[in-house]
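Each chain, letter by letter, is given below.
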Amino acid sequence: MTSTTALTDNPVLEADRIIDDRRTRIIVCCGSGGVGKTTTAAAIGLRAAERGRQVCVLTVDPARRLAQSMGLTSLDNTPRLVEGVSEEPGGSMYAMMLDMKRTFDEIVEAHSDPARAEQILANPFYQALSSSFAGTQEYMAMEKLGQLRKSDEWDLIVVDTPPSRSALDFLDAPERLGRFLDGRLIKLLLTPAKATRPFTKVINAGFSVVTGTLTKILGAQVLRDAQTFVTAFDTMFGGFRERADATYKLLQAPGTSFLVVAAPEPDALREAAYFVERLDAERMPLAGLILNRVHRAPGTLSAPRSLAAAETLESAPNGSSETDSSQASADAVAAAALRLHAARMSLGERERRVASAFTSAHPAVPVMEVPALPEDVHDLAGLRTVGASLSGEPQ
Amino acid sequence: MTARDTDWDGVRLHVVTGKGGTGKTTVAAALALALARGGRKVLLIEAEGRQGIARLFDRPPLPYGERKIAIGPGGEGETGDVYALAIDPEGALLDYLQMFYGMRSAGRALTKLGMVDFATTIAPGLSDVLCTGKATEAVRRKGGRNGHAYDAVVMDAPPTGRIGRFLNVSAEVSGLAKVGPIRSHADSVANVIKSPQTAVHFVCTLEEMPVQETLDGIAELRGVKGMQVGGVIVNMARPAVLPREELESGPDVSALAGSLTRAGLHSADELAKSLGDELAEHARRVRLQDGQRDDLAEAGQPLYELPLLTDAIDLAALYRLAAELRDQGAA
Chain A
4 MTSTTALTDN PVLEADRIID DRRTRIIVCC GSGGVGKTTT AAAIGLRAAE RGRQVCVLTV
64 DPARRLAQSM GLTSLDNTPR LVEGVSEEPG GSMYAMMLDM KRTFDEIVEA HSDPARAEQI
124 LANPFYQALS SSFAGTQEYM AMEKLGQLRK SDEWDLIVVD TPPSRSALDF LDAPERLGRF
184 LDGRLIKLLL TPAKATRPFT KVINAGFSVV TGTLTKILGA QVLRDAQTFV TAFDTMFGGF
244 RERADATYKL LQAPGTSFLV VAAPEPDALR EAAYFVERLD AERMPLAGLI LNRVHRAPGT
304 LSAPRSLAAA ETLESAPNGS SETDSSQASA DAVAAAALRL HAARMSLGER ERRVASAFTS
364 AHPAVPVMEV PALPEDVHDL AGLRTVGASL SGEPQ
Chain B
4 MTARDTDWDG VRLHVVTGKG GTGKTTVAAA LALALARGGR KVLLIEAEGR QGIARLFDRP
64 PLPYGERKIA IGPGGEGETG DVYALAIDPE GALLDYLQMF YGMRSAGRAL TKLGMVDFAT
124 TIAPGLSDVL CTGKATEAVR RKGGRNGHAY DAVVMDAPPT GRIGRFLNVS AEVSGLAKVG
184 PIRSHADSVA NVIKSPQTAV HFVCTLEEMP VQETLDGIAE LRGVKGMQVG GVIVNMARPA
244 VLPREELESG PDVSALAGSL TRAGLHSADE LAKSLGDELA EHARRVRLQD GQRDDLAEAG
304 QPLYELPLLT DAIDLAALYR LAAELRDQGA A
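For the protein sequence lines, the chains are A and B, in the order given. With positions in the first sequence counted from 1, the corresponding number in this note's numbering is that position plus 3. With positions in the second sequence counted from 1, the corresponding number in this note's numbering is that position plus 3.
The set of hints was computed from the structure by calculation and includes no laboratory data. Just so we're clear, the structure is a prediction, and the values are computed from it rather than from any experiment. Possibly wrong hints are sitting among the right ones.
Beyond 12 Å from chain A on every Cβ pair, some chain B residues (computed) [what the hints assert, rightly or not]:
no., residue
1, 104
2, 149
3, 184
Only some residues are given here: those of chain B computed to face chain A with a beta carbon under 10 Å [as the list claims (entries may be wrong)]:
no., residue
4, 22
5, 57
6, 210
7, 211
8, 225
9, 241
10, 285
11, 313
Note that beta-carbon positions come from the ideal geometry of N, C-alpha and C, so glycine has one too.
I would like the entire structure built from these sequences, with the hints used as guidance.
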């Protein structure tokens, strides 16, 4: 990559150095939706495998064809060996799609006796919580990451974060779900019979107003289901908080690298900036920013000069001879090409402005720009191409 | 055009969804502007508190309240007004308590205790129901000169991947609440959403993944009885700069160099080669776009197309996109 066409003057992110460093055990790809996060995670996984690492790629919600490119056909929660990966340097690549409900079920089954597990799994409140609570997906992705890391079967795990409303959700969700399931609030609220000691009376009076209101909003049945769930789940509560804490520590560990993925669009880069700041505040190791789908300005002819030339050609007088007419049609093609070029230069200029809003605030964050691909990735060859451009290899 | 001949006459709730990165919020805002004419009053709702609407219209963050944010495009007789509302679950819950139980102060106490978070946590569908509930309430609200407080409501809804669940409110809460207030609220919301008054529009770019998601989303909504799939709005399309057959035949680089010299440009040969490459790439992209457009057309929904704007999206750009939607009959 040549620095003359780069959007930013930030240091260049060297993906290969991160991949090749055996101390890197986890790479987390994060960013807002629609910026190519999953593709990036898969491409990094493939490149690492083909450079000799034992890789497992954990994806959350891959597009169908991308999943197919890695040989994933179902959401089965088990890492599968990806066929067609070059094994020459001794690496291998596994990939899996997260099934959040099954991951949750497995935690329940592993931490309670069969009878109680069955009771929990059948509870309507549990079923809603495990399949649609905003945050369960994030929690379970982090839970799965912890499990994969602990199994030590792979020396590098690449994880793609869920497509949440905010790129920060996956950092907060485990804590939030842990706090909720672990909360004294839920226990007090749902099992008021237990809290009859005098000093809790005042609190109880407050809670009965609250319970009454909640019953109005939700209906008594929801509260009853929740209560049954809490009673059955009682022994597992503490565990959730602990697990959330453990995951958090894992993310802060030196073997973890965060790659923030963004496109040169204001919203995506705003999210990326929040994320970079948040990682810093949480002392989580940021490797750098991958700026995806960049439209490189082709050549040096500026947009205004290009447009002026197009106008010159379009306003040239039209002759009637044969040479004149073939010349006129060549001029029309040239004018179209010049207008096309001007539009690309303007787009490149706009992207440069948008990117500078990020880099002015974060001049030290390493950045790798990845050019926009004309087609989506369908196969390993496509992922290889993406991997190569992530590593700054010329196209 | 008169006020009658759009493709979505009779629709009063326009739900706009799309894959992340396709410009869903921009298109929703342009649609609201396009609808705001002839004295009509339009409410633009942001369902997922990201304050994208405020940014688009260059305003400070919107509070939980309906504020006038723009006037519709003039030039076709009387103009209209666009109001905006950013919904958050907390505000919607307080609204709901006030509306149905007259309990705003109890609601405030709940907020202080973190109960809103709690309530939306133990009933996962609750915030969606409250959000769609607010939109349908605005649709039903009486007033105004045609008997309705708003002539149309445009909702910047969650992305395509979640839209089915978001709109299918009664199914979403049924696992939790078989009877009870939330259930009956959900049912009344569903009566508006699953009626000819509501259409769900999909914003899409001409790329494989968004097209696939759009087709999947359309199929999903068609499976829900009473739900009306609206138009497919192609965003950020790159119009072909030359007729297809000229693009296909490829540029004649030496003729191109001749023209560039006539235009007064230096090093014409080198430039012609690079412009020729750009044309060839453009031809390839146009071909890919045509293929994606054909795939979208197979869904059988009306197709609208908005061009990629190379400048930043500002108010002027929004009016331009609104005019496109209007000209194509989307509004």
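Cross-check of the supplied hints:
The beta carbon of residue 104/B is not kept farther than 12 Å from every beta carbon of chain A, the shortest such distance being approximately 6 Å. The Cβ of residue 149/B lies farther than 12 Å from every Cβ of chain A, with a closest approach of about 33 Å, so its non-interface assignment holds. For residue 184/B, the shortest C-beta to C-beta distance to chain A comes to about 6 Å, within the 12 Å cut-off, and the non-interface label is violated. Annotation: residue 22/B was flagged as interfacial toward chain A, and the flag holds, the nearest CB pair being 6 Å apart, inside 10 Å.
Interface restraint check: residue 57/B against chain A, minimum CB-CB distance 13 Å, threshold 10 Å, status violated. Taking 10 Å as the C-beta cut-off, the interface hint given for residue 210/B holds, the closest approach to chain A being about 6 Å. Nearest Cβ of chain A to the Cβ of residue 211/B: about 4 Å, under the 10 Å cut. The hint holds. Nearest Cβ of chain A to the Cβ of residue 225/B: about 19 Å, over the 10 Å cut. The hint is violated.
Taking 10 Å as the C-beta cut-off, the interface hint given for residue 241/B holds, the closest approach to chain A being about 8 Å. For residue 285/B, the interface hint holds, since its Cβ comes within 10 Å of a Cβ in chain A; the closest pair sits about 6 Å apart. Contact between residue 313/B and chain A, as hinted, is supported at the beta carbon level, the nearest pair being about 4 Å apart and thus within 10 Å.
Of the hints listed earlier, those the structure fails to meet are numbers 1, 3, 5 and 8, in rising order.
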